[in-house]
Structures are given as structure tokens and as C-alpha cells.
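Q: Each chain sits in its own coordinate frame; assemble them with the hints.
So the sequence lines, in the order shown, correspond to chains B and F. Sequential numbering from 7 applies to the first sequence in this note's numbering. Sequential numbering from 1233 applies to the second sequence in this note's numbering.
These are calculated hints, taken from the structure and not from any lab test.
Partial chain F-side listing against chain B, Cβ under 8 Å, derived: (1) K1235; (2) R1240; (3) P1241; (4) H1242; (5) I1243; (6) I1244; (7) K1245; (8) L1246; (9) R1557; (10) G1561; (11) S1591; (12) Y1593.
List time: in silico DSS-like cross-link candidates among lysine-lysine, alpha-carbon distance up to 25 Å: (13) F:K1653 to F:K1315; (14) F:K1475 to F:K1438; (15) B:K46 to F:K1236; (16) F:K1621 to F:K1236; (17) F:K1653 to F:K1272; (18) B:K81 to F:K1245; (19) B:K56 to F:K1235; (20) F:K1481 to F:K1526; (21) F:K1665 to F:K1272; (22) B:K81 to F:K1556; (23) B:K46 to F:K1235; (24) F:K1399 to F:K1352; (25) F:K1432 to F:K1481; (26) F:K1245 to B:K46; (27) F:K1399 to F:K1475; (28) B:K46 to B:K81; (29) B:K56 to F:K1236; (30) B:K10 to F:K1245; (31) F:K1621 to B:K56; (32) F:K1272 to F:K1235; (33) F:K1556 to B:K56.
Backbone N, C-alpha and C define an ideal beta-carbon position, used for all residues, glycine too.
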Amino acid sequence: MTIKLSQNIAISETGFLFNPSTGESFTINAIGAHVIALLKEDLSNDEIIKRMSEEYEADVNEISRDFEEFLDSLKNNNLIDENE
Amino acid sequence: MEKKQYERPHIIKLNTGMPAKFGMMNDSFLMTHIEGIPVKDLINEHGSPLFVISEQVIRNTFRKAYKAFNTRYPKVQFAWSYKTNYLTAVSNIFHQEGAWAEVVSGFEYDKAIANGIDPKKIIFNGPGKSEEELITAANNGSLIHIDHPDELYQLINLAEATLQKPKVAIRVNMDTGIYPMWDRFGFNYENGQAWDALNKIMNSGKLELMGLHTHIGTFIMSANAYGIAAAKLAELTVGLYTKYNHTIKYLDLGGGFASKNTLKGSYLPGSDTNPGFDDYAEAISTALLNSPIKPENLPILVLETGRALIDDAAWLISSVIGNKRLPSGRRATIIDAGVNILFTSFWYQHQITPAQGHSQYREDTSLYGPLCMNIDCIRESVNLPQLNKGDKLVIHNVGAYNITQWMQFITLRPRVVLIDKDSQIRIIREREKLDNIQMQEQVPESLILHSDSVVFP
Chain B
7 MTIKLSQNIA ISETGFLFNP STGESFTINA IGAHVIALLK EDLSNDEIIK RMSEEYEADV
67 NEISRDFEEF LDSLKNNNLI DENE
Chain F
1233 MEKKQYERPH IIKLNTGMPA KFGMMNDSFL MTHIEGIPVK DLINEHGSPL FVISEQVIRN
1293 TFRKAYKAFN TRYPKVQFAW SYKTNYLTAV SNIFHQEGAW AEVVSGFEYD KAIANGIDPK
1353 KIIFNGPGKS EEELITAANN GSLIHIDHPD ELYQLINLAE ATLQKPKVAI RVNMDTGIYP
1413 MWDRFGFNYE NGQAWDALNK IMNSGKLELM GLHTHIGTFI MSANAYGIAA AKLAELTVGL
1473 YTKYNHTIKY LDLGGGFASK NTLKGSYLPG SDTNPGFDDY AEAISTALLN SPIKPENLPI
1533 LVLETGRALI DDAAWLISSV IGNKRLPSGR RATIIDAGVN ILFTSFWYQH QITPAQGHSQ
1593 YREDTSLYGP LCMNIDCIRE SVNLPQLNKG DKLVIHNVGA YNITQWMQFI TLRPRVVLID
1653 KDSQIRIIRE REKLDNIQMQ EQVPESLILH SDSVVFP
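The following block holds chain F by itself, in its conformation from the complex (with noise of 0.2 Å):
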């Protein structure tokens, strides 16, 4: 006789009362293939546990966030954001449709080279550019972004050491209705330092202004406030043109669109509330076909978003290592992925399912990783099925930040495969070994362990 399914037996005591006005929050439907690749298989092939990024998906969204932008405005630019994702393969995927690169280290800078970009194609960001970088940015005629005054006189410096003309465009931080307004990188627009710093670079007569740029926060809820900041740099264009005419090639609106992901403490998921890409674009170029600018004086507009493009292009699979009630009476499921691997824990309520069948009883569980730390711990509740060891899960959008931001702690990190537009899949990311790590250590004559050199009683 064939025995039956296992699952385990489990009992919910139904309380009564007003029902929830949004119903049951149920994000744990079933995913047993992704791209029509079982699960399963991949784990197999690949181990557990596993970053897997779709090309399709990719190329997909950067259209769809192309298009939006495109169909309302008439000079579109993206460049991709290399902090978001930089392994190769995904850079230059967004490459082939056309981004530029967006840098914001020498080491960013010196990958995007050797990915093979066009250096006038990168944007140099970022508040830490030793004199070396700069003068290599300017010398391949790269587009650096100066982020404060003593950056700006470095290079007013350079320029007159090395003869040449860099080319040059300014952050400008500003109040834009959000909180927490970002004020930290380059100059702040209400209090006038970002017109100062456009009078110098204009006076100085040795930097090329190519561009103005501004970068207002991260996982901006609200499309208005990129209409607020498009105004406010469509001003200062306007105001180098009457004073100095000179005219602006491009205005860089920076990134921060949010993906479908859901922040911690959110009620609804992002999928439902999160503006999309149309909203954006509606609003950033709305605001600059009204503003002041001549139709004929209109700049490129560049976008560096980075987590919109490339997050719901990627998922960690994962396997049950474990489960356990706790004191409270709460389940516990030990996965075999941590937050050392998957930061954006911290963040977001990752939508997470189960990869095989199961029943219809659910339960909230806490899910933990296997990291010994207080701190690893994926979703403090989500509703899931019974779950047995070795059971596979699978965690959503997971494509921006945690591939640059990983930490190697206690374990090796793991292999990422992409599934590209065939089909086929493809390692993009070799699983780590220990002589990885080793390799970078040295160890002194007189630490080097001999069999002798410890003594057991």
C-alpha cells in the first residue's frame, strides 16, 4: 500500500472577533519553479543555498522603466547603479540595453573599465575619491560628480597642474517634503551653497559644468517629491543660462525609486503601494517641461535607479535545516540563509514560499538563519505551511544589495546563477572556498603550528 503524504499534526485555537479589515496577510502561495526551472533541480545542481536572477526580468524592467520614462520625455538616460548589483554579468546586461555606469569607488570605477564601458559613459559619484581616481576620471574624461567644496578645489587644482579640463557636474542636496531629508552629500540647494559652488566652478573657468545632480533618499515612497527636486535643478539650470549662457547638458535625478518589496512596519505590501516606474516618470518630467528651461535648452535626464531595476529580478532559495516551538509557543524554522547573505532582512518583510506542495494549515512562524546570532533572523512572523527539514523556500526580490553588501562571517558564500533569456542556466558567481578567504591571510614563521608545538595533557 502507498503510504499517504506526511505532514505534521498541528492544531490553531480560532479566536473570535472583528475580522481584519484587510483580510489575511497570505504571501506564502506555492513556488515550485522559478523561470520554469523546478526549484528543486537547482538546488541540486547548485546547493543550497542558492541567489538565482533572471535575465528576462531584468531586461524586462529596465524597458518597462525605459519606456516610462521615454514616452514622456525626449532625451532618456539610465546609468547603472554598480553598487546595487556589480557582479559582471548583471552589470552588463543593463550595459547591453543601454545604461551607463554609475560609480561611487575607485574600485566601482576600475570594474565598470574592465567591464568594458566607455569611460565618458561613467558617472563618478560618492563622497571618497582619492586624488589618484580623480585624475584618472579626468584624464578619460569621465563625468565627476563633486560632492563637497574641498573636492571642488582639489580638482580646480588639478585641472591647473595637469592642463586638462575635467568634466564636471555638482550634487546638490535638498528639502523636497521627505523625511529623513538627505543633507549629507554635496551641496544643499535653500541655503545657497549649491549656487556658490556652481559660481566658482563657472569663474574658475577650469572645469567643464556638464551636469547638475541630485540623489534625495532611498526607497522614496512618494513620485512627487522627485517633481519637487526635478524643479529645484531646473532652477539652477535656468540660472546659469541667464547669468553665465551656459547651458546644462544633463540633470541626473539620481535613484531611489522603490521596488515592489515591502519596508518593515508596513501594513500593505509594496506590490499594492509602492508608486511604480509611470509614477515616477510623470512626475520628474512634468516637472521639467514646465519649468523655465528654453524647449531648445531641455538637458538629458539621467536616472541611476538601481533597486527598482534589479530587485524583483532575483530570489534565495533556501532549505529547512530545522524547526522548534519556542517558550512562547510560537514555531521556529532554522534556514539555511542568513542575514550575513541577505542584508535587506533588515528592511524589508521579504515575501517568502514554500517551494512543494502542502496543506492549507498555516502558521505564523519566526525564521531564522543559521548564523549563531541573536540577530539572524529573516521574517520575525510569516505565515507559513508545516515545514519539514530539507524542505526548499524561496525569498523574493532579493536582486539589489545583498550581492554587494554580503558579509562572509562564520560561512562561505554561495554560488549565483543567472537563468538567462535561453533559458540556460548560467554560474555568474562561483560558491566561495575556504582557499578563497585563506589566500588573503599571511601568517608569521613564528605562528605557524607544528605538530610538536602543542601539547595536549
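Bound conformation, chain B alone (with noise of 0.2 Å):
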């Protein structure tokens, strides 16, 4: 499965997110950026998991739980596209 962010969404490198949509900022932490860069290459779900397991230091059950929590949080937040 592949996750859509909604449209026009502007991240900084430092982990700034602004949604211009409905005009709310975010703070994101580096591991969060991360995650949205690899959601912005269109990747699924599972492929996101591997990188991410591939890169850090974490088991890929615990990298898996908290990616679909990290979703929870930005579907909450209205930065999914829900047409998926």
C-alpha cells in the first residue's frame, strides 16, 4: 500500500511543516522528516519499512508500529490524502 500526502505540503531540513491548505505548521522530529521524504518518492508502505530498517538501529517489528502510529498522526492532522 502506498500512502499519499496531501498536496503542497513544505518541509524545511530542519523539520518545519507547513501546511498551506489550512494554514498549520508542524514541528517534526528528524526520523519524522525522514519518513515524509521517503512518503514524498512514493514509495509503499513496506518498502519504507525496509530503508528504515536498513538505516537504524531498531528492530523492524518496532520500526513497523511506530511507522503506522507516525500515520495515525498525520492522517489526525489532515496531511493524507484520504482519496486513497
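A: This is the structure:
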């Protein structure tokens, strides 16, 4: 499954995220920013989890669980295109 | 290629508005070591959760408290409040520093005797002393603090029967301007009960009136209240001297001094706002020195403060069991220390710090214990970094009341270690085993299960 971020979301290198359609801004930690970057590449969820586990010192299950939760947070903040 | 350190991905919505007047409440600084010993090593060696007590902090705190009073008043005597923490190792540190024992039950009395305390240096407080306990205390020459009229008459009768002259004080309750006023212990000052009781003692001739005692409340945030209490006890002292030419040997101002903990509902941290020993000492000493008591008759000032002496000397280390997101969106973290061993989490917003490195991202988190009970909440909201399963947390200022009021509820109570003054780790209470609990029980023969007595369909 591939998740699509809402359109026009702007994200800075330091983890500052701005949603122009609502005017809301957010701050994201470094790993969160990395996940957003991967989402922008239109990678599948499984691919993102695989890449994360290659890069970070953590268990795949842990990464997968946290990734799902992070997607929930994005959804709750209207940052994900719900048409998927 | 070496992998990067992992942290949960996390997003926080930024809210615009007026910044908080007091800035960000940030109580989660890092604490990787306690007294120079890595938290991780302590857990690996002694299990999690774990109570850690510092001998050096106890001694430093005691000396600071003693100095605060001793530099202001000529005769000062501390008595260690057993109910606050009666682990023998802890009590004996205070006794080595010169503290007497202040006990409130026969159990505590026996414990103090077993610790090797001279019975004459035991103050026996509390509303529930049995006749047997009163006789023992009287025979030993301990200081019995009378709580109510029946106890007073009982002691007079015992004195007549045994021809002993028990050494006594009365406990006085009074209005010192604080709320709630503790009026259930002792004899009231304002309505004359206390003066009546003193007259009965003096007229009976059967008891040796040594002192006057008050204990105005607990976690008293106003040092001035102690000044009022000291002045009222001084009035009684002068009254006894005027009427009976009787000199009171000591005034016991009890305990109730605040520690550096933050009470629930407080806006500012207790470490910034609570009075220190100097504040209490100044109020009490000034009131006594300015009272009409003649300088040559100045009584010994006895203090029974417990919490302020031990709270800051102990930590509870705990491990993260798991994380979850509540339906409200709030993060919840479950740790392996519950309210059954951290009773004080009902009163305080305990300071909690992670014991391992983390990034600057934090989130308001509800911190729950491992008990299958809804009330098992260590902090409703605490600003913590991203925690992973297995991470360690240090809960601060847990020395008072937890180790005496803890409950063996669905789990076994953990080990308690002392970091001694040479930085050696000493086990001062072993973790409980199933046997410790089972050995107290007895099972009737008819209720013993045999392999053939349970039938599975």
C-alpha cells in the first residue's frame, strides 16, 4: 500500500512542516522528516519500513509499529490524502 | 555501515498564542547516573523497579537541617520519624547522626529497640498505644506523648498500680492559621483542653511532665505557622512555671516540613517555592527566643521532621514496558513501577527524568504503572522525550512514606539498595519472593488441592 501526502505540503530541512491549505504548522523530529521524505517518493509502506530498518538501529517490528502510529498522527492532522 | 540511533517518528502541531508566563515546564533533564553509578548497571544488577537511597544525601540533608536550627537556638534535638521510612539501615544513619527515635506504634517501638536505640531516647507518639505498650514504655523511661484524655487517665492508673512515674508530654493541637487544621490528635489549645490536661497531670503527682508536643500538619508551606505554634507552646510553658514552678524540659514542634517535591495542582515546582530548613528554623527559634520563657529555662527544641530529611535522598528507577496512543491522541507510557510502591504519586507531581540520551523532541505523556487498575497512574501528564520499550526512567524524591506505605498488590515488592558513603552499593531490603507471602498463610486440610480433586471436562 502507498500513502499519499496532501498536496503542497512544505517541509524544511530542520523539520518544520507547513500545510498551506489549512495554514497549520508542525514540527517533526529528524526521523519523522525522513519518513515524510520517503512518503514523497511514493514508496510503498513495506519499502519504507525496509529502508528504515536498514538505516536505523531498531527492530523491524518496532519500526513498523511506530510507522503505523506516525501515519495515524499524519491522518489526524489532515496531512494525508484520504482518497487513497 | 553503522546504523543510526533510532527514535520514534513524531509530529507536533504548533499552536500560536501568548507564550506561558513561566516558560516551558521542563522537568525531564537527563539522569544517567545516581551518585556516580550508571542507572543501567543498577537495574542489571538489582532488577527493575529498584529503590535507590543515598547515604551521603541523607547525612548532608540532616547536617543542613541541624545547622539551620543549631545556629539559631541553643538546644536542638532531632528525633527520626520512623513512619516516614523505617528501614533499619536508613533509621540507623539518622541515629548515627545523633537523632533520637520517634515512633507511633508498638511495632515501631519494638523496631527502634531492636535497632539498638536507648529507650530513654524514644518518643512514643500516636493515638493507639495498648496498655502493654504503655507499661513497657513507662518501665523503660521512654517519653510518652499523651494523645487523649482516656490515655491520660490510663497512665495515671498505671502509675498508681506500678508505682512508676512515667515520663510524659501532651500533644497539643491548635490553630496556627493553616488549613486544614489538624485537630484530631492531642488536646486543643484554644478551648483550654490542653491547659486542663496539664493541670490534671500536675495535680495527680503521678506523672513526670517532661515536655509539650505539637504537630500542626503535613507538608506545611508556611514557615510562619510554626512560629505561631512555638509561641503557643511557650505560653503553656510559662503558665506551668508560674503556677507550679515546673520547668518544661523540651518542646517538640513535630514535623510536617515540606520537601522539594511539587504538590499536585501546584503551578511552580516545589524546589523553587517550598520553604527550606532555614525558614522553619528562623520562625521557630525567633518565636521561642522572643517568648516570656526565662533564658535559663529555655527548653530543648525537639524536631520530628521526616519527609524533608529523607524525600530527596531516594530515587525509584523503573523501566518502560510499552507505549500506546490513547483515543484522545495523547501518548501513554507504561512503566514497571505502580502506585502500590509509589504511594506518593497520589500527592505529588514527582519529577521524572529519562536515564538515557534522547533528542530534544518531547511530548506530553501519561505515565501509567503495571497494575491492572485504572488508578495506577504515576503522572497524568509529564513532558517526556520519545521512550522505547526497555528505556529507564528515574523518579525523584521518593524517600518518604513509600517504603512504609507500599502494598504488596499482585506483584512482589522490589529490592532497596543504599549507595553508602564510600559509593558501594549495599542491599538494605531484599526483593520479596512468593515464599515470603505464602509463609503467612495456612490452608485447611480440606482446601488443599490434589491432582484428582480438579476435574477438567
